[in-house]
Amino acid sequence: MERAIARLVYNLRDDDCHIRFAAARILGEIGRDNPVAEDSLIETLKDRTWFVRLSALQSVKDLKLGPAVVIENVVPLLKDEHEDIREYAALTIGDLGSMAGPAAPSLAEVLSDPVWYVRGTAAWVLGQIGPVARKLYNDLVPCLRDDEMEVRISAVRALGKIGCTGDEEILRILEEVAGDKDQPSEVKEEAEGVLKEMSNSGEYMQ
Amino acid sequence: MSKKVLIVDDEEDIRSYLDSLLSDNGYETTLAEDGEEGFRKLADCLPDIIILDIIMPNQTGVGFYRKLKKSEAHKNIPVIVLTGVSSYKDFFSRSHLTLPKPEEFMEKPFSSEELLGKIEALVT
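So the protein lines, in turn, are chains A and B.
Numbering that gives the first Met the number 0 puts the first sequence at residues 0 to 205.
Numbering that gives the first Met the number 0 puts the second sequence at residues 0 to 123.
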């Protein structure tokens, strides 16, 4: 196995981007707990070819590296030139749950991404971080007026996740959405559902 | 009448293979080499089903799929996602967006019999 990993690490520097792509992907499957594989994949997150970076990112996600390592190396990809990488970086950070708190401000910046599904995913991930991200609730408010309904729904869900039962400010925001005649019915219904969950829960929503 | 299949894949070999496979089995095919071209051809070919690659230049399969499902005219067209990497499912299988998931995922290399079976099941 060590020999195979060494060969794959070597292939990460191949001139052919398809070789690099495949090597990065396979290292994600067999490189767990191998520091050379992990370090090489992290370095490959800066590859010049977008789908090689995506391949390395998926492998980094699969290797389940520690939160500090993920945050340090994946947060920069939230500003990648390719939207699929920005979205996948957000999803990778979201896997950390509440441990992704230090990445929350960077995720909040992605809420204004030009691509709607990147914005929607960033909002959803903030919700996955939970109450640790509560101080950023104001960054979610503009998403409630996003051109895309999906983003609004993600923002409503995220507010429900980062708020708590007695969180008057977030409750007020969600009540406004639920009663806003200009909101699509899907968004209003989502807000009503979240408000109901918040009122039923005596703890932070998980 | 023949059922229509839109094949969106940047790899010429795959497009050509799928074109032959599906034509030989009575389907009418339209080919596109990336998501942008695929979307341009949608209105003209009005497919009964779409076979979609993920990693493509210009607009990827992820972008194409999201755009498709936001389109009132085309959102009900079933999609089979062909991918070389299973973790691309993450783009679709989470609950982070409320869009419906693709009808089927198939990993490359795929069995032609299995693909034909899935297409048959989705278009009839």
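No lab work stands behind these hints, which were simulated from the structure alone.
C-beta atoms are modelled at their ideal positions from N, C-alpha and C, and glycine is treated no differently.
Take the hints with a grain of salt, since some may be wrong.
[What the hints assert, rightly or not] With beta-carbon atoms standing in for the labels, derived distance ranges: (1) B:Leu115 <-> A:Arg6: 45 to 55 Å; (2) A:His81 <-> B:Glu10: 13 to 23 Å; (3) B:Pro77 <-> A:Pro141: 34 to 44 Å; (4) A:Ala5 <-> B:Leu45: 48 to 58 Å; (5) A:Pro141 <-> B:Lys107: 32 to 42 Å; (6) A:Tyr9 <-> B:Tyr16: 26 to 36 Å; (7) B:Asp23 <-> A:Ser111: 42 to 52 Å.
Quick rundown of the hints versus the structure:
1. B:Leu115 <-> A:Arg6: 45 to 55 Å: Cβ of Leu115 (chain B) to Cβ of Arg6 (chain A): about 37 Å, so the range 45 to 55 Å is violated.
2. A:His81 <-> B:Glu10: 13 to 23 Å: holds (19 Å)
3. B:Pro77 <-> A:Pro141: 34 to 44 Å: holds (35 Å)
4. A:Ala5 <-> B:Leu45: 48 to 58 Å: holds (52 Å)
5. A:Pro141 <-> B:Lys107: 32 to 42 Å: holds (40 Å)
6. A:Tyr9 <-> B:Tyr16: 26 to 36 Å: holds (31 Å)
7. B:Asp23 <-> A:Ser111: 42 to 52 Å: Since Asp23 (chain B) and Ser111 (chain A) have Cβ atoms about 49 Å apart, the given range 42 to 52 Å holds.
Consistency with the previously given hints fails for number 1 only.
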